[in-house]
Amino acid sequence: MSTTRYRVTQDPLRLDDLIDAVTASLDGDPPPGPGALSTFVGLVRDHNVDRRVLRLEYEGYEPLALRAFERIGQETAERWDVQMALHHRLGVLQIGEASVMIAVASPHRADAFAACRFVIERIKQIVPIWKHEFFEGGDVWIEGATANPDDDGARENAYRLASDG
Amino acid sequence: MQVTIRLFARLRDLAGTGELARDVEEGATVGAVWGILTGEFPALAEYESSISTAVNAEYSRMDSTVSDGDEVAFLPPVSGG
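Those protein sequence lines, which keep their order, are chains A and B.
Per the working numbering, the first sequence starts with residue 1, numbered consecutively.
Per the working numbering, the second sequence starts with residue 166, numbered consecutively.
These aren't lab readings, by the way, just hints derived from the structure by calculation.
It is possible that some hints are incorrect.
[Stated by the list, open to error] Per the computed footprint, the stretches of chain B lying under chain A, defined by three or more beta-carbons under 8 Å from a beta-carbon of chain A, are:
#1 201 to 209
#2 215 to 227
#3 238 to 244
[As the list claims (entries may be wrong)] Each pair of labels, with its calculated beta carbon distance range:
#4 G192/B - T3/A: 41 to 49 Å
#5 D11/A - P207/B: 15 to 23 Å
#6 S163/A - T203/B: 26 to 34 Å
#7 P207/B - R51/A: 25 to 33 Å
#8 G138/A - M227/B: 28 to 36 Å
#9 E156/A - D188/B: 39 to 47 Å
#10 M227/B - E143/A: 13 to 21 Å
#11 E97/A - E190/B: 22 to 30 Å
#12 D46/A - P207/B: 33 to 41 Å
No residue lacks a Cβ here, since even glycine has one placed at the ideal position from N, Cα and C.
This is chain B alone, in the form it adopts within the complex (with noise of 0.2 Å):
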């Protein structure tokens, strides 16, 4: 199945993309995507622990499971206001 992966902000710069499309195995874990992405663009390591994740537009956590067409998206932390 496939996911869409969205990046953001520092992420997307460090990553090249914003949009990304991947396969993944049934029952995928978002956790198992930023794998994917980290196997990818190395230099999005030093975020592991400071990103926040969501499954379409809702926020998740890293154990959370994705499904096929699933929009997953990788936050840095915020600094709106």
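Okay, chain A solo, but in the shape it has when bound (with noise of 0.2 Å):
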């Protein structure tokens, strides 16, 4: 049983490693169940605006993006009862294959939901990994946000998604 809560990896992702690692850490015996889990899994796909992919090569600077999982871990404990894991596969990823995963446990559903999506958001602001995809045709890096974990304005535009749903 794999109990990282925070993983960059070349290898596939199992969600079963995310799930053991926000429940593993429930102190008793039996140990108790959380309430609520919830689970965000990001898949390669085959279209991007009018482009047909082929696959996607993703990048990272891993010893940041771990980083910027615990920021992101951090900030999501500040607002929300929960326990949060988060791995992001890098390499050549086929159509279908699963980019990223997130799995939240919390006593309360609504903060569950809400947690797993500030995740997402905020890994798209701050986490320093980059897809590269390949398309008939061509080529081309996908540049989204300049990551700047200080800028608040963004941050609160992540709660802002979150809780509105």
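Dock the two chains into a complex; use the hints.
Structure (structure tokens):
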């Protein structure tokens, strides 16, 4: 059983690993159930804008990505009563493969859903990982947000998206 | 003194390398390191206003000071998830 909360890996992701990570910390014999468990899985899509996508290659700055995961974990815990795990895959991914998995355990379903949404929004803002898209006829690096963890406006926007559902 | 420069994604493609070592002056800032890079690889200059920077795998600012042996990273806009 794996209980690693934050992971960047070339290997295929396994949702069970994340679920173990967010439930293993619950003390008791038998261990108490968390009440609610929310998960998000991001999958490689076969199209983007008007392009037919063949595969994605993910690159990351691993030590900083893991620190960003920890930061997102702290921001999540400041707002909600949750346990969070986040695994992101790097390397060559085929259509339909999972690039990112999030698991959030909480006593309350509203917190679990909201925190899960917050985490994926925050990943797209501050985690140093990049998609290199290979499509029919070419390839392109996808560039989204300029990563700035101290940008309070971006963080508040992620909290707002999470709360509004 | 010397720093190691790390480049990622399209910045790495534009420079043709993801890692290089360069001599910098004592008290140099991250911005000064960026200046050395764009002097050597003018194509990187288009990222001036959109990059993020890190020193020793911690986010930094352009006016952060670097030390001998530091790893200075330049990151184009991110697209994880």
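Status of the hints after comparison with the structure:
1. 201 to 209: violated (count 0)
2. 215 to 227: Coverage by chain A holds for the stretch 215 to 227 of chain B (7 residues, Cβ < 8 Å).
3. 238 to 244: holds (count 6)
4. G192/B - T3/A: 41 to 49 Å: holds, 44 Å
5. D11/A - P207/B: 15 to 23 Å: violated, 39 Å
6. S163/A - T203/B: 26 to 34 Å: violated, 41 Å
7. P207/B - R51/A: 25 to 33 Å: Taking Cβ atoms as reference, P207/B and R51/A lie about 29 Å apart, which means the hint holds.
8. G138/A - M227/B: 28 to 36 Å: Distance hint for G138/A, M227/B holds at roughly 32 Å.
9. E156/A - D188/B: 39 to 47 Å: With a Cβ separation near 42 Å, E156/A and D188/B satisfy 39 to 47 Å, so the hint holds.
10. M227/B - E143/A: 13 to 21 Å: This hint holds: roughly 19 Å between Cβ atoms.
11. E97/A - E190/B: 22 to 30 Å: About 46 Å separates the Cβ atoms of E97/A and E190/B, which means 22 to 30 Å is violated.
12. D46/A - P207/B: 33 to 41 Å: holds, 37 Å
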